[in-house]
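Engineer: From just these sequences and the hints, can you work out the full model?
So in UniProt numbering, spot 11 of the sequence shown is number 11, and the numbers just go up one at a time.
Simulated from the structure, these hints should not be mistaken for laboratory data. Treat the hints with care, since some could be wrong.
Only pairs whose alpha carbons sit at most 25 Å apart, straight line, appear in this in silico DSS-like list of lysine-lysine [claimed, not checked]:
no., residue 1, residue 2
1, K328, K340
2, K356, K325
3, K131, K72
4, K367, K325
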Amino acid sequence: MYRKDSEGWLKHTDFIILDMICLQLAYVLAYAISGYGFNPYETIIYRNMAVFLELADLVMIFAYGTMKSVLKRGYYRDFVVTLNHAIMVGALAVLYLFLLQQGQDFSRLTLMLTIIIYLVMTYIVRELWKKLLRKQMKDGGERKLLIVTSEDVAEQVVLSMQENNYARFSLAGVAVVDADWTGREIHGVPVVANEETAAMYVCQEWIDEVLVVVSEVLPYPAELIEQLSETGVTIHLNLAKITSVPGKKQFVEKVGDYTVLTTSINYASTRQLMLKRLMDIAGGLVGCIFTGIICIFIGPAIYIASPGPIFFAQERVGKNGKKFKMYKFRSMYMDAEERKAELMKDNKLGDGKMFKLDFDPRVIGNKILPDGTHKTGIGDFIRRTSLDEFPQFFNVLRGDSGIIGTTKKNLDFTRVSLA
Numbered sequence: 001m002y003r004k005d006s007e008g009w010l011k012h013t014d015f016i017i018l019d020m021i022c023l024q025l026a027y028v029l030a031y032a033i034s035g036y037g038f039n040p041y042e043t044i045i046y047r048n049m050a051v052f053l054e055l056a057d058l059v060m061i062f063a064y065g066t067m068k069s070v071l072k073r074g075y076y077r078d079f080v081v082t083l084n085h086a087i088m089v090g091a092l093a094v095l096y097l098f099l100l101q102q103g104q105d106f107s108r109l110t111l112m113l114t115i116i117i118y119l120v121m122t123y124i125v126r127e128l129w130k131k132l133l134r135k136q137m138k139d140g141g142e143r144k145l146l147i148v149t150s151e152d153v154a155e156q157v158v159l160s161m162q163e164n165n166y167a168r169f170s171l172a173g174v175a176v177v178d179a180d181w182t183g184r185e186i187h188g189v190p191v192v193a194n195e196e197t198a199a200m201y202v203c204q205e206w207i208d209e210v211l212v213v214v215s216e217v218l219p220y221p222a223e224l225i226e227q228l229s230e231t232g233v234t235i236h237l238n239l240a241k242i243t244s245v246p247g248k249k250q251f252v253e254k255v256g257d258y259t260v261l262t263t264s265i266n267y268a269s270t271r272q273l274m275l276k277r278l279m280d281i282a283g284g285l286v287g288c289i290f291t292g293i294i295c296i297f298i299g300p301a302i303y304i305a306s307p308g309p310i311f312f313a314q315e316r317v318g319k320n321g322k323k324f325k326m327y328k329f330r331s332m333y334m335d336a337e338e339r340k341a342e343l344m345k346d347n348k349l350g351d352g353k354m355f356k357l358d359f360d361p362r363v364i365g366n367k368i369l370p371d372g373t374h375k376t377g378i379g380d381f382i383r384r385t386s387l388d389e390f391p392q393f394f395n396v397l398r399g400d401s402g403i404i405g406t407t408k409k410n411l412d413f414t415r416v417s418l419a
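Structural biologist: See the structure below:
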């Protein structure tokens with residue numbers, strides 16, 4: 001499922017919160033400089049003004065559009081916008097005192113100093129925050145982006161994404177559709193595929209999203225787009241060229257400096273993902289507590305029957321090919337992988353691509369007695385009761401997986417599925 005980026009003022013919530021904090025700090029400092037102490041909230045008229053200033057700040061942010069294109073503004077333009085905003089907040093505060101006829105009871109010096117300090121403080125904080133965000137844009141983030149483009153615009157597209165990486169993508173690579181540039185680099189980003197190999201590359205590597213920007217004179221690579229859509233990866237098409245693509249959800253958004261038509265099987269809003277993450281954290285915490293209790297009883301039994309680590313970590317493939325360590329209670333002997341080769345002749349799935357036995361002697365406590373009967377132990381018990389799965393709540397808490405979601409496949413299964 002694709003996470004749809006916040007729209008409108010929501011995408012600048014960080015700037016809004018910082019702005020409101022600066023306003024309150026400016027108010028407290030102005031009150032102290034005026035000689036009244038450091039607690040303006042002890043007097044009702046000053047306490048009410050503190051609340052009104054925040055409301056006035058929010059009103060002007062939305063009405064004046066203070067945060068619009070905040071990341072793209074230069075120093076001078078940002079100062080002009082901040083100055084106008086501060087003056088209008090001050091004007092609303094004066095109007096508030098006039099309407100309530102409380103002007104004679106409120107210090108004019110405090111109000112004037114509040115606006116001046118607020119102007120300087122919020123401008124400096126905003127520029128520092130922008131500098132930090134731009135560094136993060138340069139470094140990239142968790143979301144892996146593959147750029148599909150043509151040779152005549154490849155350098156321009158890569159450079160544009162590096163300079164306008166507002167969504168903080170990590171540029172995983174470039175696929176050139178009308179030439180085989182595999183092995184080259186474009187502004188430090190490797191060319192990893194061509195039109196024929198791009199879909200397989202997405203299947204085998206960690207790719208979250210694909211941006212398609214090709215030359216005006218070339219048609220969209222429709223077959224490649226269809227293949228990419230079938231993998232479940234999110235696709236962004238440059239709106240300068242539109243084609244019919246499979247996908248149930250389509251919407252327009254910005255990726256770097258490009259307006260794109262985004263196609264995804266489904267998407268979740270920021271609010272929906274936040275609620276899901278809160279549920280995962282709550283469920284993960286409860287699950288980890290139960291895991292600790294279960295470990296008190298199961299841990300010693302595992303160690304006595306098969307000395308070694310109580311927990312078993314296996315590399316699994318998660319969302320969009322991202323690999324992570326999945327944890328379970330160990331249910332097999334330490335030499336299970338070495339013994340697998342000699343047991344291949346008894347494999348129920350004879351093609352050799354997958355492995356399954358009716359009775360697996362590698363499971364802790366499993367034995368075939370001289371009379372041919374099967375004896376089971378702690379390993380079989382925790383498998384049948386699914387108690388071995390409880391440590392996966394640590395993965396839920398870390399965000400590797402969710403309480404509700406698809407089964408995370410191991411690497412062997414993934415390679416077989418792609419073959």
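Engineer: Taking the hints in turn, state whether each one holds.
Structural biologist: Structure-based check of each hint:
no., hint, verdict
1, K328 x K340, "holds, 20 Å"
2, K356 x K325, "holds, 22 Å"
3, K131 x K72, "holds, 11 Å"
4, K367 x K325, "violated, 30 Å"
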